[in-house]
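Asks: If you want the building blocks of each chain, they are given just below.
Protein chains: 2
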Amino acid sequence: MIITSKDNSKIKHIRKLLNKKDSMNEGLFVIEGENLVEEAIKNNLLVELYVLDGTVVKYDFPYTYVTSEVMRSISDMKSTPRLIGISKYINKNTLGKKIVLLDDIQDPGNAGTIIRNSVAFDVDTVVFSKNSVSPYNEKVLRSTGGMIYNINIIIADLDNVIDTIKNENIKLYGTSLKSSISLLNVEKTNEFAIIFGNEGNGVNNKYLELCDLNIRIDMNNKCESLNVGVSSGIVLYHMYKR
Amino acid sequence: MIITSKDNSKIKHIRKLLNKKDSMNEGLFVIEGENLVEEAIKNNLLVELYVLDGTVVKYDFPYTYVTSEVMRSISDMKSTPRLIGISKYINKNTLGKKIVLLDDIQDPGNAGTIIRNSVAFDVDTVVFSKNSVSPYNEKVLRSTGGMIYNINIIIADLDNVIDTIKNENIKLYGTSLKSSISLLNVEKTNEFAIIFGNEGNGVNNKYLELCDLNIRIDMNNKCESLNVGVSSGIVLYHMYKR
Numbered sequence: 001m002i003i004t005s006k007d008n009s010k011i012k013h014i015r016k017l018l019n020k021k022d023s024m025n026e027g028l029f030v031i032e033g034e035n036l037v038e039e040a041i042k043n044n045l046l047v048e049l050y051v052l053d054g055t056v057v058k059y060d061f062p063y064t065y066v067t068s069e070v071m072r073s074i075s076d077m078k079s080t081p082r083l084i085g086i087s088k089y090i091n092k093n094t095l096g097k098k099i100v101l102l103d104d105i106q107d108p109g110n111a112g113t114i115i116r117n118s119v120a121f122d123v124d125t126v127v128f129s130k131n132s133v134s135p136y137n138e139k140v141l142r143s144t145g146g147m148i149y150n151i152n153i154i155i156a157d158l159d160n161v162i163d164t165i166k167n168e169n170i171k172l173y174g175t176s177l178k179s180s181i182s183l184l185n186v187e188k189t190n191e192f193a194i195i196f197g198n199e200g201n202g203v204n205n206k207y208l209e210l211c212d213l214n215i216r217i218d219m220n221n222k223c224e225s226l227n228v229g230v231s232s233g234i235v236l237y238h239m240y241k242r
Numbered sequence: 001m002i003i004t005s006k007d008n009s010k011i012k013h014i015r016k017l018l019n020k021k022d023s024m025n026e027g028l029f030v031i032e033g034e035n036l037v038e039e040a041i042k043n044n045l046l047v048e049l050y051v052l053d054g055t056v057v058k059y060d061f062p063y064t065y066v067t068s069e070v071m072r073s074i075s076d077m078k079s080t081p082r083l084i085g086i087s088k089y090i091n092k093n094t095l096g097k098k099i100v101l102l103d104d105i106q107d108p109g110n111a112g113t114i115i116r117n118s119v120a121f122d123v124d125t126v127v128f129s130k131n132s133v134s135p136y137n138e139k140v141l142r143s144t145g146g147m148i149y150n151i152n153i154i155i156a157d158l159d160n161v162i163d164t165i166k167n168e169n170i171k172l173y174g175t176s177l178k179s180s181i182s183l184l185n186v187e188k189t190n191e192f193a194i195i196f197g198n199e200g201n202g203v204n205n206k207y208l209e210l211c212d213l214n215i216r217i218d219m220n221n222k223c224e225s226l227n228v229g230v231s232s233g234i235v236l237y238h239m240y241k242r
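Taken in sequence, the protein lines are chains A and B.
Note that the first sequence covers residues 1 to 242 in the numbering used here.
Note that the second sequence covers residues 1 to 242 in the numbering used here.
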């Protein structure tokens, strides 16, 4: 079987899932490329698989061929992808002990980079505030370097999550340019939750006030701030290295 | 005076300068927005200034009004910029003592982030290999956060630059996933040159072989690699902090 029309109901459903709200409502997201499809199969999360007509498929998973025109209608990549899948969310809704909290991160590249850094430096849970970009956005997925299935991802209200963190006595760290504590003086701990803030506004003051410690990265004052993907890398590497 | 036609010769000249080769040949680049225009004036590098019709200009610099249609024809921003300038290159062609070398970095966002990190952590010179993205590319300029005028930028053949570095006895560091020396064990020095590599291929082997030391960033093996903007931030912060 091959789907030749962009108006096919299954193809329309994929396009619908590219929308954040619909994706969240259904708990499903769209993935592109071998890397992510393989990971989705390995994790038993793949639901549907669509393959560019003529491509040889090496997976033991039912699939449907589509024409290149149809494929292009469900991707914003410059080159036509050969594989597109629908995956279930990874969301386990249980907090780990090494947590990153994202307070309204907007840029998909930054969000993806933070997920990648989190996997690299042993964070077990990344919590996206409800006003952050969706972790299942195509551009985020691309920037993670295929890491999305290697970490627990939660979309939640940060107020509730911070309550839980406080109740579990996990140390809560804020990051802010105006903080008095330099990262150099922060002790490594086995349990932590670190909040990174919106690109323009930083971490919300109401959260900074709840933190056990607010951390600053020392830098030359010619530079006003670092990119949040970079800051997260520096802070998480500090907490990781022995 | 107001320019109303996209085909005006001055406007055509700006569009020409958006091309890497033409920009390099003329030693001029296009800048957008208040931040960069102010910096260009401060550094005596602004050559021409174009202002969106109706905008109040607070600079003591001759300018020409253009219509919003003309403005949009010389920018790829979603919103129409109010200021566009032509600036001379900052290029001093003299190497400093804290140097970053970019071996064929392709992504403008990464290049801009590395410039921003370099300013933050006291690097004085960033050398772009000839096959790297242009440091004067609009997207690079945007990712630097306006930092381009705060650092010495050189576009050069890396072989020649590495010769000079060797002759001046400045320590040369490579970065590689396969390196045996962890960043943790690298001593901070007041003079250094660090090479960061292409997004797909890393640093060219011929350069790695010339290095005094090749550095690795320890990470969980679930993650294959970090984004090069993030790696540069972690390494440069390590060399900076006291």
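Calculated directly from the structure, the hints in this document are not laboratory data.
Glycine is no exception: its CB is placed at the ideal position from the N, C-alpha and C atoms.
Please note that the accuracy of each hint is not assured.
Unchecked claim - With a straight-line Cα cutoff of 27 Å, these simulated DSSO-like cross-link-like pairs (lysine-lysine) come out:
| hint | chain 1 | residue 1 | chain 2 | residue 2 |
| --- | --- | --- | --- | --- |
| 1 | A | Lys78 | B | Lys20 |
| 2 | A | Lys171 | B | Lys222 |
| 3 | A | Lys58 | A | Lys78 |
As the list claims (entries may be wrong) - Here are some chain B residues the structure puts well away from chain A; computed CB gaps all over 12 Å:
| hint | residue |
| --- | --- |
| 4 | Leu213 |
| 5 | Ile234 |
| 6 | Val235 |
What the hints assert, rightly or not - Here's a subset of chain B near chain A, in silico, CB distances under 8 Å, partners left out:
| hint | residue |
| --- | --- |
| 7 | Tyr63 |
| 8 | Gly109 |
| 9 | Ile154 |
| 10 | Ile155 |
| 11 | Ile181 |
| 12 | Lys222 |
| 13 | Leu226 |
Asks: Have a go at the Ile155/B hint: is there a Cβ in chain A nearer than 8 Å to its own Cβ?
Replies: violated, 22 Å
Asks: Tell me if the straight-line CA distance from Lys171/A to Lys222/B falls inside 27 Å.
Replies: holds, 25 Å
Asks: For the pair supplied as a hint, Lys78/A and Lys20/B, confirm whether the alpha-carbon distance does not exceed 27 Å.
Replies: Distance ~22 Å between Lys78/A and Lys20/B Cα, so the pair holds.
Asks: Take a quick look at Val235/B and tell me if its Cβ sits farther than 12 Å from every Cβ on chain A, holds or violated.
Replies: Label violated. Min Cβ-Cβ 10 Å, cutoff 12 Å.
Asks: For Ile234/B, is the shortest CB-to-CB distance to chain A above 12 Å, so the non-interface label stands?
Replies: Given a closest Cβ separation of 5 Å, the condition is violated.
Asks: Verify the interface restraint on Gly109/B: the C-beta must sit less than 8 Å from at least one C-beta of chain A.
Replies: holds, 6 Å
Asks: Regarding the hint that Ile154/B lies at the interface with chain A, is the smallest CB-CB distance below 8 Å?
Replies: With a minimum Cβ separation of about 19 Å from chain A (threshold 8 Å), the hint on Ile154/B is violated.
Asks: If you take the shortest Cβ to Cβ gap from Ile181/B to chain A, is it below 8 Å?
Replies: Violated, about 14 Å.
Asks: For the pair supplied as a hint, Lys58/A and Lys78/A, confirm whether the alpha-carbon distance does not exceed 27 Å.
Replies: holds, 24 Å
Asks: Using 8 Å as the Cβ threshold, decide whether Leu226/B counts as touching chain A.
Replies: holds, 6 Å
Asks: Min Cβ distance, Tyr63/B to chain A: is it shorter than 8 Å?
Replies: For Tyr63/B, the interface hint is violated, since the closest Cβ of chain A sits about 26 Å away, which is over 8 Å.
Asks: If you take the shortest Cβ to Cβ gap from Lys222/B to chain A, is it below 8 Å?
Replies: Holds: closest Cβ of chain A sits about 5 Å from Lys222/B, inside 8 Å.
Hint compliance for this structure: hints 5, 6, 7, 9, 10 and 11 are broken, all remaining hints hold.
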